[in-house]
Amino acid sequence: MIRFIQTGDVHLDTRFSGIRDQSKRRQRREEHRWSFRKIMEITGQTQPDFLLITGDLFEHERFSPDTINFIIQQLERIHPLKVFIIAGNHDHLVSGSPYLTYEWPDNVHIFTNRGFERVEMADKGVVIHAVSVTPQNRPDYLLKGYVVPKDERIHIVMFHGSETTDRRSMELWGDCLPFTREDVLSCGADYYALGHYHSLRPVPFQEADVKGFYAGCPEPTKFTETGERYIIQVELEKGRPVQKNEIRDQQGRRYREEIIRCDGFKTRDQILEKIRALSDREAIVKIVLDGYTDPDLELDLQLIREKTEDWFFASEIEDRTQPDYRLDRIDNLLAIRFHEEVEAAQKLCQDPGEIRLLEEAEILGLDALLRREVRRYEA
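Take any residue in the sequence shown, note its place counting from 1, add 264, and you have its number in our numbering.
Calculated from the structure, these hints are not laboratory results. Worth double-checking, as some hints may not be accurate.
[Stated by the list, open to error] Label-pair restraints from in silico Cβ distances: (1) E471 to E570: 45 to 55 Å; (2) R341 to E623: 53 to 63 Å; (3) R532 to E501: 57 to 67 Å.
[As the list claims (entries may be wrong)] Each computed BS3-like pair below joins lysine-lysine, with the alpha-carbon atoms no more than 30 Å apart: (4) K388 to K408; (5) K288 to K486; (6) K408 to K502; (7) K550 to K288; (8) K302 to K571; (9) K388 to K486; (10) K571 to K288; (11) K571 to K611; (12) K388 to K508; (13) K530 to K508; (14) K302 to K530; (15) K530 to K550; (16) K388 to K288.
We treat Cβ as the ideally placed atom computed from N, Cα and C, and that holds for glycine.
With the sequences and hints as input, model every part of the structure.
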């Protein structure tokens with residue numbers, strides 16, 4: 265049996281563009297360093313057989329020499345433990361990459377081939393098959409047709425890629441070394457260590473027979489990355505199911521989402537009162553305004569953001585409210601007819617974007633018919 269730690273998508277030096285306050289963005293970048301330092305501490309304490317880092321360790325477009333030296337220093341802390349690193353789409357392998365130009369500790373192996381490269385640890389009976397992302401290979405289905413040897417050794421495949429079975433995640437995170445469920449099953453590896461998606465999830469997607477995992481990001485980078493974040497400890501024995509333990513101690517700050525129902529609200533003050541009740545100066549919160557509001561309510565999201573900015577460490581406000589133009593509340597015959605026409609058009613639509621466009625068009629039309637004034641929408 266072997267035991268190893270898997271992490272990735274650390275994104276040191278990321279922008280944190282959703283956080284408006286520059287000093288707080290700097291603080292979050294320091295907190296990301298703390299998280300990586302903590303990962304090294306956990307790895308040193310648990311003494312696994314090796315550590316896998318599955319890409320996007322840092323931001324290539326923004327990294328500082330200080331950050332690269334920090335990473336190297338942290339990896340030296342766990343010497344002689346073997347560390348395997350691949351480049352992802354944010355720290356991709358290009359000319360001038362720190363992966364190619366800096367001197368890395370001798371316990372660190374960075375995969376620099378454009379195709380799968382094999383590294384064997386004969387004393388442990390393990391073979392790592394891994395590839396880094398480059399601008400040239402990023403769209404390629406590199407796993408398709410790749411088959412590991414059928415022998416007594418444990419074969420681990422590691423890359424930073426997107427599983428095409430999950431179309432929603434593909435659209436959200438983009439096409440990067442794409443692969444299919446069939447590619448995983450035909451490859452024949454004992455485990456697949458994946459990076460790119462920021463949530464902990466099995467490989468293949470939604471399959472009962474788990475062949476590997478995305479560990480997700482150890483520290484959140486976006487308002488959508490709510491809840492617990494992990495690194496994982498994996499135990500593998502040839503011919504037996506994958507055993508995974510989730511480790512949370514590296515997460516310094518949690519993001520959360522709060523939904524505020526605004527049914528019947530007539531003024532912004534009612535919304536502000538609800539938001540104030542959630543205030544926490546250490547919290548990073550995505551606030552979703554939902555429900556049916558009075559048609560005369562003018563939200564003015566920018567004003568709400570300004571008024572609530574000091575109530576949280578950082579916050580984002582999303583408006584999902586709709587004016588209360590439900591059919592049972594409309595007595596204008598022309599407006600009813602307009603509603604019926606839009607509803608009929610929606611039933612013929614297959615594209616979610618077009619349906620959303622019709623919903624917005626209906627609100628604007630009902631504004632004109634019932635309020636005699638068309639509201640201004642924030643893009």
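Query - Hints violated by the structure (numbers, ascending) - result: Hint check: 8, 9, 11, 13, 14 and 16 fail, others pass.
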